[in-house]
Amino acid sequence: MRFDIAQQEAYSRGEFLLRTFFGWLYITVPHTLVLFFVGIWSSILHFISWWVILFTGRYPASFFEFHVKMIAWHMRLNAVMWNLAEGYPAIGTAGSHPALTLEVPYPESLSRAKLLLRAFFGVFYVSIPHVLCLYARLIATGVLNFLSWWSILFTGRIPENWFQFNVGTLRWMVRLNLYMANMTDDYPPFSGKPAPAATEIAVA
Amino acid sequence: MPEAIALPQPHELSQREKDDALAAYLMNFAAWGAGLPIPSLNLIAAWVYYIINRKKSRFVAFHCFQACTSQIPTTLINIAGVGMFVDYVVILNRDLPRFFWPYVVFAAVTNLIYLGTSIYACIRAAKGRIHYFLVFGRWAYARYYGPNAVTLEAAATGQNLPPAGF
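Chains as they are written, first to last, in numbering that gives the first Met the number 0: chain Y, 0 to 203; chain A, 0 to 165.
One or more of the hints may lead you astray.
[To be verified] Taking lysine-lysine pairs in the BS3-like style, the calculated list, with each CA pair at most 30 Å apart, reads:
hint, chain 1, residue 1, chain 2, residue 2
1, A, LYS54, Y, LYS192
2, Y, LYS68, A, LYS126
3, Y, LYS192, Y, LYS68
4, Y, LYS192, Y, LYS113
5, A, LYS55, Y, LYS68
6, Y, LYS113, Y, LYS68
7, A, LYS55, A, LYS126
8, Y, LYS113, A, LYS126
9, A, LYS126, A, LYS54
Don't read these hints as lab results, they were simulated from the structure.
Turn these sequences into a full structure, and let the hints guide you.
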C-alpha cells in the first residue's frame with residue numbers, strides 16, 4: 000500500500016482563510032451529503048464482498064476498485080480540510096487530487112480464516128488497540144493542525160515534520176480501514192510511516 | 000431476420016465478469032448490508048447495480064438485468080405485506096385482518112424460493128454459466144442475446160437504423 004501527499008511549497012492565504020471560515024459550508028456539507036448516500040452503497044458492497052470472499056477466497060475486483068476510490072475520496076477531503084493540500088477536493092469516486100497518491104495492491108486471494116477471525120475478534124485484536132493509539136495520535140495531529148494554521152498564516156507553509164506527521168496519521172487510518180474492510184491480509188503496523196519497500200501495485 | 004448473438008462459454012469469460020455477474024444476485028441481501036429494513040431496498044440496489052454494470056459486457060448485463068427484474072414480484076409481495084401491517088396497526092389502529100398471517104406465510108415461502116433460486120443462479124454465474132429464471136430469464140435473453148438485441152441496443156443509444164424489415 001502506498002499513500003502519500005506531496006507537500007506544496009507555499010499556500011494561498013486567501014484560499015486558506017476562505018477554507019478556514021467557510022470550508023464547512025462549501026466543502027464539508029456537500030461532500031458529507033453525497034458521501035452519506037454513496038456510503039450506504041459502499042456498506043452494501045462491503046457486506047456482499049464478505050460473503051464472496053468467504054465462498055470464493057477472492058475480493059471482487061470491481062468492488063475492490065470502488066472501495067479504493069472511496070478511501071481516496073475520504074482522504075482527499077481530509078487532506079484539504081487539514082490544510083495538507085489545496086484546491087477543491089473532487090466530489091465522487093471518479094475524482095482525484097494532484098497532490099494525493101493512493102495505491103493499493105489487489106490481492107489475488109484472501110485468507111478465509113483471517114476473514115472469520117476479523118469478523119468475530121477483529122474488535123479485540125485490531126480495533127481496540129489501534130483506536131486507542133490513533134486516538135492519542137489524533138490529539139497530537141489536532142495540536143499540530145492548530146499550530147500549522149498559524150504557521151501557514153504567517154509564513155505561508157507548514158514545517159515538513161509536522162506535515163509528515165499528519166500525513167502519517169492519515170496513512171495509519173488508511174491501513175486500518177483496508178485491513179478491517181478485508182481488502183488486505185496484512186495486519187496494519189502501529190505506525191504512520193510509509194512501507195519500507197513498494198510492493199506490486201494493481202489499483203491506483 | 001437478424002440472428003441471435005452467440006452465448007459466451009465459461010472459458011471465454013474473465014474472472015472479473017464472473018465476479019460481477021455473481022454479485023448481481025447478492026443484491027438480494029442489500030437491505031442486510033445497509034442495515035435498513037426497507038422492503039424495496041434490495042430492488043433499488045439491484046437496479047443501481049444494473050445501471051452501473053449494464054455496459055460492461057453482455058454476460059454481466061444479462062445477469063444484472065435478470066437479477067433486477069426477477070426481484071420485482073417478491074418486492075411487490077413484501078411491500079404489500081408491510082403496507083398492510085402499517086395500514087391496519089399503525090394508521091388505523093385496528094386488529095390485523097384474518098388473512099394477514101396466511102399472507103405472511105405465503106410471502107415468506109415466496110421469498111425463500113426466490114432466495115434459493117438466486118443463490119443457485121449466483122453459483123452458476125460464478126462458474127460462467129447461465130441459469131434462466133421463469134419469464135425473466137427469457138426476457139433477459141431476448142434483451143441481451145436474442146435476435147432483436149442489437150436493434151434494441153442501437154435504438155437505446157439513439158443510433159440511426161434501417162426501416163423495419165431490412
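Worksheet entry | Structure-inconsistent hints, enumerated in ascending order | Of the numbered hints, just 1 does not hold.
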